[in-house]
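Could you put together the complete structure from these sequences and hints?
Sequence lines, in order, name chains B and U.
Numbering follows the working numbering, with no gaps: position 302 of the first sequence is 302.
Numbering follows the working numbering, with no gaps: position 217 of the second sequence is 555.
Note that these hints are calculated values from the structure, not bench results.
Hints are not guaranteed to be accurate.
[Unchecked claim] Chain U is nowhere near these chain B residues, computed Cβ spacing over 10 Å in every case: (1) Asp-134; (2) Leu-192; (3) Asp-194; (4) Phe-216; (5) Glu-266; (6) Lys-296; (7) Pro-326.
[As the list claims (entries may be wrong)] Reference excerpt, derived from the structure (chain U facing chain B, CB under 8 Å, subset only): (8) Phe-418; (9) Ile-443; (10) Met-536; (11) Lys-599.
A virtual CB, placed ideally from N, CA and C, is assigned to each residue, including glycine.
Number of protein chains: 2
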Amino acid sequence: MSRATLKDVAEKAGVSTATVSYVLNGTKKTISEETKHKVMEAVRKLDYVTDMNAKSLVVKDSKLIGVVIPQTEGKTHRLFSNNFYSEILSAIEYEARESGYQIIISGMDTDENFVRIAHQRNLDGVIAIGVCSDELLSQFEKIDIPVVLVDSYCKSAKFVNIRIDDALGSYMATKYMIQHGHKDIAFMCGTLKDNGVMQKRLQGYRNALKESAIPFKKAYLCEGKVDFQSGMELAQDIVKNNMPVTAIVTTADILAIGAIKGIKSEGRTVPEDYSIIGFDDISICDYVSPGLTTVKQQISEKGIGAMHMLSNVMKGVKDQDDLVLPVHIVERDSVRSI
Amino acid sequence: MSRATLKDVAEKAGVSTATVSYVLNGTKKTISEETKHKVMEAVRKLDYVTDMNAKSLVVKDSKLIGVVIPQTEGKTHRLFSNNFYSEILSAIEYEARESGYQIIISGMDTDENFVRIAHQRNLDGVIAIGVCSDELLSQFEKIDIPVVLVDSYCKSAKFVNIRIDDALGSYMATKYMIQHGHKDIAFMCGTLKDNGVMQKRLQGYRNALKESAIPFKKAYLCEGKVDFQSGMELAQDIVKNNMPVTAIVTTADILAIGAIKGIKSEGRTVPEDYSIIGFDDISICDYVSPGLTTVKQQISEKGIGAMHMLSNVMKGVKDQDDLVLPVHIVERDSVRSI
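This is the structure:
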């Protein structure tokens, strides 16, 4: 289909292209109602569509949101090897669509220059999910567009944060195990980074142990990547090394689901031999056997909230408070009393 | 960071903005080497980044690929309620990134106007995944940009297709059940549409039955949506209605995984009471118990292939053959011999 241009509209309306532009962008108040009417008639007849790329040059409004998912584990095909990301992205995409925005996905490699991408695309705003490197945060500081950070403990006044209380979540999970009679509780997590989500969750685990006067044992700290494979291998090690634990607190459902598989592959069972608790409450928790008891965070609400907060920043709302969403335990069948 | 403009570069280089533009776009051959050098020096010093939105107006190259996932089941938050979509999208995103493209996601509602979106964004190309409505296909025909259809049986010369042989896949699944002694085999699928993937798979099921002289029974056809909930409910109905089947052939792993849950919730077991086979081989097949025997399609290869084919069309390669990827059975523990 040959596409109508601004010039076509101008010709059909019998006015200059500048006049069409004034009418469409509302940038001049002295256009007569009759002229406006003629222009809009021509727009309708020609099915004229504003080129957003051109429009964005004038009105600084691309209606495009960048969603950044830092590939902290290195280059990989699998943007969504943890279902948490696909679930939150679903919610952001839906919410953006409802508000007239589209999303562009950047599975940022650690060495990429985001300033370049943001400027090239003239993004209206950015939502960054997960742990951002200091380098990426400093790039965000350089660009003067609204940024919402999801699951970050960054304290810069430049950014708005939406997250949960990660320490509280793991505290609750560990406490839950203790209440079920467990004392030898392993902690299975992704790469620990200063001020990152994993570090906060480790703190929650340690707080719960301390409260019950259970000494923290470094040997019970199982650090890997946040994916199924890693959970499986870490759990196999626990069994093979005869680590005397009866319970495993994990920092992600996908780790816990891998751990269940790893334990089964070593001829042991959940929850008979090991009690396991997840974190997130992704849909798969319900699919597996035994159903995974977990710390539920409201993943969709987090995505929707991030988009709402970004909308507010884009509208010029200042001083939004960080949003901390609640967590709670969802009981299924992967934890037993001893 | 205040961003350098074309004007800044021109001032720094001591030339006109038109000259800077000529140099950057290579649109005029009569610029002296000295001037070129001065301009490029200024570009480097100012860290000038071309605005892709502006550039796309001139060179018709936005480096932006639209990925369309028609929301055939109606408006929903859950773009990825079937993990097949997140897995193929991961592959497309990675492949696009490697080729210097970014992807923009459109979870198209049935009533949306894609012509408008494609023009607004000046997309370089489109990958559409899953069954497209005739309306959407006719919109694709109207836009003069490259389109690759994934999992479509559309015969228009305008589009390139990448898919599997869906009838063959379900034929193999059904044959596999028959070889394991099953004769009363239910078929569980999503909404059947003329010339759609579900219809083709039904045909494969019927072909396998016919070959073994097993009559097709309409009562064994369980039609729902392609999601976990629907699989669970359809399986619960099979148990509750005492449908005398011993095996269930499904058209999606997510349906099969829901079916396993539904059967368990009715106090029956897989594969003892019912043998089940999936379709796709999404990662979750490995997570559930019993592990799901399934018809594997190479989901990542499909995504990568779609992006490769799109690159070819964008480069002007004509008459690409449709690509039909192979399928095979992956044996796990959800089917038993009777």
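(request) Output the numbers, in ascending order, of every earlier hint that fails for this structure. (result) Hint 10 is the one this structure does not satisfy, whereas the remaining hints hold.
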